[in-house]
Amino acid sequence: MNEILQYTVQGLAAGSFYALAALGLAVIFGVLGVVNFAHGACYMLGAVVSALLLQNFGLGFWPALVVVPLIMFVFGILLERLLVRFLVALDPLYNFLLTFGLSLVLVDLIKRQYGVSGLPYTRPEILSGQVTVGDVRLPTFQLFVFAFSLVVCVLVWLLLTKTRIGMIVRASTERPELTRALGVDVGRWVTPVFGFGIALAGLAGVLAAPFRAITADMGSNFVIILFAVVVIGGLGSVLGAVVAGFLVGLVEAFGQAYAPTFAQVVIFVVMALVILVKPSGLFGREESR
Amino acid sequence: MTEPKAASLDDGLVVEGLSAWYGEARVLNDVSLHVGAGEVVTLVGRNGAGKTTLLRSVMGLHKHQEGAVRFDGTDLSKQGPHRRARAGLGWVQDDRGVYATLTVEENLLLPPVTGADAWPLERIYDSFGVLADRRAAPGTTLSGGEQQMLAIARVLRTGARILLLDEPTEGLAPVIVQRIGEIIRTVSADGVAVLLVEQNVRFASTVAHRHYLLAQGRVVEHLGNTEFKERREELLEHLGM
Chain U
1 MNEILQYTVQ GLAAGSFYAL AALGLAVIFG VLGVVNFAHG ACYMLGAVVS
51 ALLLQNFGLG FWPALVVVPL IMFVFGILLE RLLVRFLVAL DPLYNFLLTF
101 GLSLVLVDLI KRQYGVSGLP YTRPEILSGQ VTVGDVRLPT FQLFVFAFSL
151 VVCVLVWLLL TKTRIGMIVR ASTERPELTR ALGVDVGRWV TPVFGFGIAL
201 AGLAGVLAAP FRAITADMGS NFVIILFAVV VIGGLGSVLG AVVAGFLVGL
251 VEAFGQAYAP TFAQVVIFVV MALVILVKPS GLFGREESR
Chain A
1 MTEPKAASLD DGLVVEGLSA WYGEARVLND VSLHVGAGEV VTLVGRNGAG
51 KTTLLRSVMG LHKHQEGAVR FDGTDLSKQG PHRRARAGLG WVQDDRGVYA
101 TLTVEENLLL PPVTGADAWP LERIYDSFGV LADRRAAPGT TLSGGEQQML
151 AIARVLRTGA RILLLDEPTE GLAPVIVQRI GEIIRTVSAD GVAVLLVEQN
201 VRFASTVAHR HYLLAQGRVV EHLGNTEFKE RREELLEHLG M
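Chains as they are written, first to last, in the UniProt record's numbering: chain U, 1 to 289; chain A, 1 to 241.
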């Protein structure tokens, strides 16, 4: 029983990274129809930038939670303005190749500059301990990561359901052509939404910094699992991104605990089962695009 | 049915020499037509004659096209879809285009208001009671007829100066078809133009002033409504209906 609670918390913490990053993918896909393969690299950059800010400027974890997503937002805007935008009108394959290539470049640049051994990061004192629930001791940091990402997910959900920009993102996800033909200037929102999606990947990276080894390759495995999350949740579905993110985190944690050799395989078995039963994913819509 | 005032050619929608392609295949061939303010004009033709492509080209959605599209004297030929909508074109696509992820009210509020005679939400809800009752429900939970009302109401709320309706009566019950006829007559009386793609020749003859017959991407006939009614049997045969 104790073990189950521990693995659950561990899984929800791991799922937090997937949920935030998948949310970013979903909004980007919504307004651009682009699947950002550089999302794992952006997650990695979020963690690396956190480590560098700490190392060079003594900027700790708490300010990094705000500063790093802002930096990544600007990075996303540049990416969209300078590269992605020119390929949007073409076959989606071109942006697939662009973002895939970009992630290779980013990973190698970081590797070249900082090596492969990983950057150090100190966990904030207050999050280092454990919380005792009954007779179970749970890592404070895992609980914090879960609670924090849950709050962010709820805020993003409110943004998407209660605001005009959210309405435009939903409309454009569902019927991109009609939304333009109804006079909505979707193009105006493309750049900020892209930046926002990248910022969410960066935020996941900040949260992971005290938690995971900060290396150039940390996003490479992450992005593969992330696409399993997207397939399970349904491409473009915001609710699906969040639910599948936490679900995959749980599957991963229990897999590692009870069948460590198959932990990764289990995730893809779940993915295969979901596709068999519902090809568009748990929350995907059949006719979207 | 009252005849609209004689319109100058700068008034309303003017399409000149419009051609469109799907790959190598030419689906519209040098189509020219005109719809004046307050006029109801139908495009009649068999499936595959190019009617839907014509509306999509007018909206700027069909990329591979040539020719001129003007509205109220403004050249829209080089403009993207959202600029054409803002110039006063209100497109209602053939599958109605109701958003499942938006509520009924959000469906109505999504397009920006562009015209002076935009219907306020209250007028929409007065005219379409069912939309008021279901305003918080997801758009696609409405019945087919209700979705058609929603799709038309949505462009009326923007104050569009011309409605481009793609088979609005298809598959709907007679009572709904009648209601759509009433709406078309109401907006036409307000001075809004209507370009109507229609397979239902009887319905077309009850609402329209003029008719263009489209066959294999060309305009083959241009008829006033009186002549259209007289030649109905012949036209039905021509259309294979």
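These are calculated hints, taken from the structure and not from any lab test.
The beta carbon of each residue, even a glycine, is placed where N, CA and C say it ideally should be.
Take these hints with a grain of salt, some might be off.
As the list claims (entries may be wrong) - If you want a taste of the chain A side facing chain U, the calculated C-beta under 7 Å gives, among others:
id	residue
1	61
2	81
3	82
4	85
5	86
6	97
7	99
8	106
9	114
10	115
11	125
12	220
13	222
14	223
**Prompt:** Against chain U, is residue 114 of chain A within 7 Å by beta-carbon distance?
**Reply:** Result: holds, 6 Å to nearest chain U Cβ.
**Asked** Taking the closest Cβ pair, is residue 125 of chain A under 7 Å from chain U?
**Response** 19 Å, violated
**Request:** Tell me if residue 85 of chain A is really an interface residue toward chain U, meaning its C-beta lies closer than 7 Å to one of theirs.
**Result:** Hint holds; residue 85 of chain A Cβ to chain U Cβ min 3 Å, cut 7 Å.
**Request:** Let me know if the C-beta of residue 106 of chain A comes in closer than 7 Å to any C-beta of chain U, holds or violated.
**Result:** This hint holds: residue 106 of chain A lies near chain U, its Cβ roughly 5 Å from the closest one there, short of 7 Å.
**Request:** Answer holds if the nearest beta-carbon of chain U is closer than 7 Å to that of residue 81 of chain A; otherwise answer violated.
**Result:** Given a least distance of 4 Å, the restraint on residue 81 of chain A holds.
**Request:** With a cut-off of 7 Å on the beta carbons, see whether residue 222 of chain A makes it to chain U.
**Result:** This interface hint is violated because 27 Å lies over the 7 Å limit.
**Evaluation of the interface hint that places residue 115 of chain A against chain U, nearest CB under 7 Å** = 10 Å, violated
**Asked** Once the shortest beta carbon distance from residue 61 of chain A to chain U is found, is it less than 7 Å?
**Response** Holds. Min distance 6 Å.
**Request:** Please verify that hint: residue 97 of chain A, Cβ, nearest Cβ of chain U, below 7 Å or not.
**Result:** 5 Å, holds
**Prompt:** Holds or violated: is there a CB of chain U closer than 7 Å to the CB of residue 86 of chain A?
**Reply:** For residue 86 of chain A, the interface hint holds, since the closest Cβ of chain U sits about 5 Å away, which is under 7 Å.
**Message:** Quick check on residue 220 of chain A please, does its C-beta sit within 7 Å of some C-beta on chain U?
**Reply:** Hint on residue 220 of chain A: violated, closest Cβ of chain U at ~28 Å, above 7 Å.
**Item:** Cut-off 7 Å, beta-carbon criterion: hint that residue 99 of chain A touches chain U
**Value:** Holds: closest Cβ of chain U sits about 5 Å from residue 99 of chain A, inside 7 Å.
In this structure, the hints that do not hold are numbers 10, 11, 12, 13, 14, in rising order.
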